[in-house]
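> Sequence:
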Amino acid sequence: MVGVEFIDYLKKLQVSEFLGVEDFADKMSFMYSVVILLLCTTIIAVKQYLLSSISCYIPTTPSGSDFDKFLENYCWVHGTIPLLAGDQIPQKYEDWHMLDMNHRINYYQWVPFMLGLQTILFYMPRVVWQIICYNRTGTDLEHLVTVANSASNAVEGERKGLVKHVACTLEEMLFQHREYSVGKVATARRRAFTMCGMFVASKRLGTWLIFTYIAIKLVYLANAIGQLYLMQSFLGFNASMSSFGYVLASYMVEGRDWDETRIFPRVSFCYLEHVRHLG
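In terms of numbering that gives the first Met the number 0, the sequence shown is residues 0 to 278.
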């Protein structure tokens with residue numbers, strides 16, 4: 000149900016009109032971030048696997064009509080070596096081997112899969128919240144919000160039926176959470192809940208749902224922090240996790256090109272040992 004609903008909104012491009020029980024921060028995580036990541040995943044996957052994944056230039060082309068394809072496939076699979084502006088190109092195999100061991104880039108071919116994994120991670124808290132919310136309330140709260148919004152914009156005849164539907168559903172929810180137990184134990188329990196109910200996770204009092212909502216908020220926060228750590232490990236960034244986002248932001252503010260940072264360089268080098276040519 001959740002996946003079909005999300006695909007329907009994505010197809011209709013009605014992201015800004017989405018209604019739900021989540022706030023703006025939650026929507027930024029499970030909706031806007033997911034849409035952006037899906038677009039990036041699709042574009043990069045099409046570029047890499049349907050079009051040209053890499054373009055190679057060599058000073059001298061050896062004989063053979065398929066050497067260019069061989070070179071591109073080899074460099075794409077093996078990985079490339081970024082050199083900063085002003086760095087001298089090594090002339091010995093030992094120097095190339097040292098650069099290949101320390102600075103080789105081999106994450107380009109895995110970018111679509113990493114973006115797809117990030118998309119799933121951003122959307123998972125939303126799925127967990129909907130499952131828990133439905134099980135603990137006994138109804139679909141998002142449906143109630145949608146119906147209530149439709150009632151505010153409906154004509155007089157339709158509005159009455161929509162309002163009645165929302166009111167009946169809320170009444171059923173109140174009856175489900177009503178305390179029917181009698182006796183001294185039930186009375187003592189009700190008094191205890193009245194005095195310290197906010198500190199007890201109870202479905203009947205509704206506090207269980209509050210604690211769950213706070214827990215889901217913490218999951219969203221942990222997911223955002225974990226994504227930074229995931230990207231740092233994926234890119235092989237040598238800075239500490241706490242400064243990872245700050246360093247990337249400072250690079251953009253200072254106008255430093257990707258070629259200067261060795262992160263997603265547009266131009267890099269590939270050394271073919273057996274052919275003895277630089278690609």
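Incorrect hints may appear among the rest.
Think about it this way: if two alpha-carbon atoms lie no more than 25 Å apart in a straight line, the pair counts; the simulated DMTMM-like pairs of lysine to aspartate or glutamate are [claimed, not checked]:
1) Lys216 x Glu170
2) Lys91 x Glu71
3) Lys46 x Asp65
4) Lys46 x Asp22
5) Lys91 x Asp67
6) Lys216 x Asp22
7) Lys159 x Glu170
8) Lys216 x Asp67
Taking CB as the label site, the calculated pair distances span [to be verified]:
9) Lys68 x Ala24: 22 to 30 Å
10) Gln108 x Ser149: 45 to 53 Å
11) Phe23 x Thr206: 52 to 60 Å
12) Thr206 x Leu169: 30 to 38 Å
Everything labelled a hint here was simulated from the structure, so no lab data went into it. Glycine is no exception: its CB is placed at the ideal position from the N, C-alpha and C atoms.
> Go ahead and decide if the range 45 to 53 Å is satisfied by the Cβ distance of Gln108 to Ser149.
holds (47 Å)
> Verify the proposed pairing of Lys91 with Asp67, using a straight-line Cα cut of 25 Å.
holds (23 Å)
> Should the hint that Lys68 and Ala24 are 22 to 30 Å apart at their CB atoms be regarded as holding?
At 48 Å between Cβs, range violated.
> Are Phe23 and Thr206 spaced within 52 to 60 Å by their CB atoms?
Violated, at about 24 Å.
> For Lys46 and Asp65, compute the direct alpha-carbon distance and say whether it is at most 25 Å.
holds (21 Å)
> Mind checking the alpha carbons of Lys216 and Glu170 for me, to see if they're no more than 25 Å apart?
Violated - the C-alpha atoms of Glu170 and Lys216 are around 28 Å apart, more than 25 Å.
> Would you mind confirming whether the straight-line C-alpha gap from Lys46 to Asp22 stays at or under 25 Å?
violated (35 Å)
> Is the Cα-Cα distance between Lys91 and Glu71 25 Å or less?
holds (22 Å)
> Would the hint linking Lys216 and Asp22 be met if the CA-CA limit is 25 Å?
Cα-Cα ~10 Å, so holds.
> Could you see if the CB distance from Thr206 to Leu169 stays within 30 to 38 Å?
violated (18 Å)
> Run the distance test for Lys159 versus Glu170: straight-line Cα separation, threshold 25 Å.
holds (16 Å)
> Hey, Lys216 versus Asp67, does the alpha-carbon distance stay inside 25 Å?
With a Cα-Cα distance of about 51 Å, the restraint between Lys216 and Asp67 is violated, given a limit of 25 Å.
When each numbered hint is compared with the structure, violations occur for hints 1, 4, 8, 9, 11, 12.
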